[in-house]
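S.K.: This is what each chain is made of:
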Amino acid sequence: MESSLTEEHPLLKYSTIKDLSSDELEAVVKKYIQVLMPKPNVDYKVYIGKAPELREGEGLVAYTLSPCPNCYSLVTAVLLRRENKVYERKVCPEHGEFEELYYGDYDTYERFKRWQEDGKGVWTPHVPITQFCPYNCGLCSRHKSHTALLNIAVTNRCSLRCWYCFFYAVKAGYVYEPSLNHIRFMLREARKVLPYPAVAVQITGGEPLLRDDIVDIVRIAKEEGYHHVQLNTEGIRLAFDHELAVKLREAGANVVYTSFDGVTPYTNPKNHWEIPYILENLRRARLGAVLVPTIIKGYNLHDVGAIIRFGIKHADIVRGVNMQPVSIVGRVPKKERDKLRITIPDVIFEIEKQTDGQIRREDWYPVPTVAPISRFVEALTGRPQFELTCHFACGAATYVFWDDTQEMIPITRFVDVEGVMEMLNKAAEDIRSGKNKYLSTLNILSRLGKYVDVSKAPKRFRSKRKFLRYIYNILVKHDYSALGEFHYQSLFLGLMHFMDLYNYDVSRVQRCEVHYVMPDGRVIPFCTFNVLPELYRDRAQKFFSYEIDEWEKLTGRRLSDEVYVRNVKKLIESDIYRKAYEGIIDVSSIPYEDHVLASKKFGIPVIE
Amino acid sequence: MLLKLFDFRVYLYEPYTRKISVTTRAYEVEGGCLHKLECKSRQFDVTDAIDFDLEFGSMIQLTYADVVFGTRDEPFDCTVSECAIKGVTVLKVYEVLIDDFRGKLFSVMQMAQPYPSRIYADSAENLAPQKERVRKVSRLIGVPEKLVELA
Ligand code: SF4
Ligand code: SF4
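Residue numbers (this note's numbering), protein chains in the order written: chain A, 1 to 608; chain B, 1 to 151.
No wet-lab data here; the hints were simulated from the structure. Warning: the hint list may mix true and false statements.
Straight line, CA to CA, 25 angstroms or less: simulated DSS-like cross-link-like pairs of lysine-lysine [said to hold, decoys possible]:
1) K435(A) / K131(B)
2) K437(A) / K426(A)
3) K19(B) / K113(A)
4) K45(A) / K542(A)
5) K4(B) / K136(B)
6) K542(A) / K570(A)
7) K435(A) / K39(A)
8) K579(A) / K569(A)
9) K31(A) / K192(A)
10) K131(B) / K50(A)
11) K426(A) / K136(B)
12) K131(B) / K104(B)
13) K4(B) / K45(A)
14) K334(A) / K45(A)
15) K4(B) / K19(B)
Please put together the full structure from these sequences, using the hints given.
M.R.: In structure tokens form, the structure reads like this:
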């Protein structure tokens with residue numbers, strides 16, 4: 001096996017291992033874990049003795065550890081309260097002070113904090129503890145949550161050339177594209193993490209649909225025990241290949257996550273024109289979609305209400321809208337950051353404004369709110385259950401329903417979420433302390449009705465029996481087809497704020513439940529994989545990559561041929577386009593030149 | 001070879017409240033008997049943080065980051081005892097109090113070069129009854145159950 005190893009750039013010639021079986025690969029690639037792990041005093045230093053001081057008018061919220069945005073050194077940071085917002089401040093002895101908005105509303109911070117629960121940790125770590133968190137990924141045995149969603153990057157090729165991205169093959173200077181056997185090995189490794197092996201996987205890239213064998217990858221994921229398989233794609237290929245969505249669904253794909261940053265060409269130059277066709281093809285294939293807007297202040301924050309309405313308009317195929325307040329990648333000056341920075345409470349408040357109070361701030365709950373459901377089912381079955389236990393500041397969610405008037409009704413208006421969760425927690429405790437399981441369950445069923453006020457629910461849920469049956473099926477029979485049915489009649493709204501170097505908080509990443517599996521088999525939290533890319537993502541992918549020339553020779557293709565060129569004229573001409581946005585925006589009021597300019601400015605060329 | 005023991009009490013406020021106290025004893029295993037280790041004590045230092053995580057990360061789900069994050073302005077009250085080891089196998093016994101839970105946890109270390117390795121450790125998240133664990137440990141280190149129980 002050829003490998004040239006320098007301190008800074010260890011590299012392996014990927015073509016020498018590309019034909020190995022997954023078992024052979026295991027023996028080979030795991031040897032490189034030590035080589036690829038971050039190195040103290042080379043990749044980072046540790047200055048965690050002294051915490052930054054508070055100033056007048058500031059109150060202490062908590063201390064934490066966080067990397068210096070310039071040199072990755074680990075420093076002590078303080079979370080402080082000022083004017084009812086939470087900020088993070090840290091001082092690197094080499095690069096000075098950094099201060100960043102951490103959470104836009106202290107009251108929401110306190111309300112969400114009440115729901116924190118920790119998971120059961122990692123009983124079968126992939127690496128021993130030898131370094132500080134987050135330089136010891138992973139997972140190491142201090143990690144607190146199991147993998148709720150595993151990501152696997154299957155290529156770094158992409159057909160778009162978004163101006164802000166440095167990750168795709170042409171910019172990176174290499175092609176990362178693990179073999180099918182290698183993918184199988186990675187998926188297997190990730191499922192070795194006990195007590196609860198990953199069951200949900202997101203196939204991502206680059207652009208995963210550029211791989212001709214993408215359908216085989218979906219099939220492999222199913223074979224390896226992943227019940228839920230989703231694809232993360234900009235969707236361009238789905239827009240034009242009518243058969244692809246059908247093939248993906250038949251292979252076992254459950255849902256497609258696709259970027260959707262706004263309802264106009266100005267706010268969504270990435271795929272505004274293709275989205276109607278993507279949804280149409282998914283509809284034909286009966287494959288659900290989740291829209292994933294990245295929310296940036298001063299750019300598309302004013303679109304959040306319309307994005308939700310767009311989701312509801314297409315609710316026959318759109319299962320959810322998962323908004324992501326921007327994670328500011330790379331090193332960006334404070335002034336620039338302030339123009340972009342937005343946090344979860346800021347988005348929640350804006351949604352309240354833009355939906356005329358139909359979705360209010362109280363309708364949102366942090367992710368760990370649902371942990372009592374897992375605790376209860378676990379007590380009932382005696383088996384570890386899937387649980388969502390990320391840090392309360394990482395994410396929030398709600399469900400909305402609607403009635404004939406198109407008025408949105410969040411679940412919290414007719415279900416007393418807090419009451420239900422309290423009751424489940426109590427029942428789990430009772431069962432654990434020896435109470436009869438069946439009596440406890442019966443007791444829950446008899447009391448469940450108390451927490452549901454169907455008179456406030458949308459008309460189709462006004463049958464209390466029907467609604468309670470959903471809940472009963474999910475909780476007691478573990479029949480999640482009920483959840484599927486529930487999904488078709490509601491829209492999931494989620495928020496996850498991925499961290500960046502400026503607001504990084506080790507306490508959050510230790511509870512991370514969105515992970516990546518690396519080509520060497522390690523499992524890495526999303527927020528170290530992407531936030532410390534030189535130490536994790538790029539280092540590992542580069543190590544297991546082809547040189548571009550070599551890849552082009554091997555495949556007989558050229559990366560430059562894959563660039564997407566948009567035919568705006570053709571895309572906006574069709575009824576599919578117009579109907580998709582009808583009632584949301586007036587597409588006829590957008591001049592053709594604006595369409596072209598928006599696309600080009602973003603970096604996507606146009607056939608004129 | 002040096003072995004570290006941690007005795008501490010901590011009240012955490014963030015991200016949720018927890019009251020934890022731990023005291024640790026260690027015994028060298030020799031000829032089917034346990035010999036309590038003599039150790040020198042000092043205050044906790046940040047250079048102990050990785051060892052702290054190694055000890056408690058999986059055992060009671062507590063890490064140095066939790067301690068930093070959660071303690072507001074109270075200093076972390078922790079004594080570190082350093083013990084010189086001559087033998088090969090060490091039994092550690094932890095008296096643990098986490099909110100309403102009070103119990104004894106065990107770990108067994110193999111003092112091999114270059115690093116000692118943990119060959120057994122309880123986890124508060126997955127705790128069998130003490131009797132079962134004592135039996136397991138006793139078999140593993142070749143010491144009568146009674147002695148392990150009383151350690
Ligand atoms: S983020 Fe998790 S896996 Fe990574 S070093 Fe921290 S605790 Fe370990
Ligand atoms: S990916 Fe980031 S934001 Fe999401 S759970 Fe993990 S640490 Fe939190």
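S.K.: Please go over all the hints and tell whether each is borne out by the structure.
M.R.: Hints, verified against the model:
{"no.": "1", "hint": "K435(A) / K131(B)", "result": "23 angstroms, holds"}
{"no.": "2", "hint": "K437(A) / K426(A)", "result": "12 angstroms, holds"}
{"no.": "3", "hint": "K19(B) / K113(A)", "result": "17 angstroms, holds"}
{"no.": "4", "hint": "K45(A) / K542(A)", "result": "24 angstroms, holds"}
{"no.": "5", "hint": "K4(B) / K136(B)", "result": "24 angstroms, holds"}
{"no.": "6", "hint": "K542(A) / K570(A)", "result": "39 angstroms, violated"}
{"no.": "7", "hint": "K435(A) / K39(A)", "result": "51 angstroms, violated"}
{"no.": "8", "hint": "K579(A) / K569(A)", "result": "16 angstroms, holds"}
{"no.": "9", "hint": "K31(A) / K192(A)", "result": "18 angstroms, holds"}
{"no.": "10", "hint": "K131(B) / K50(A)", "result": "44 angstroms, violated"}
{"no.": "11", "hint": "K426(A) / K136(B)", "result": "33 angstroms, violated"}
{"no.": "12", "hint": "K131(B) / K104(B)", "result": "11 angstroms, holds"}
{"no.": "13", "hint": "K4(B) / K45(A)", "result": "24 angstroms, holds"}
{"no.": "14", "hint": "K334(A) / K45(A)", "result": "23 angstroms, holds"}
{"no.": "15", "hint": "K4(B) / K19(B)", "result": "23 angstroms, holds"}
Checked against the numbered hints above, the structure violates hints 6, 7, 10 and 11; every other hint is satisfied.
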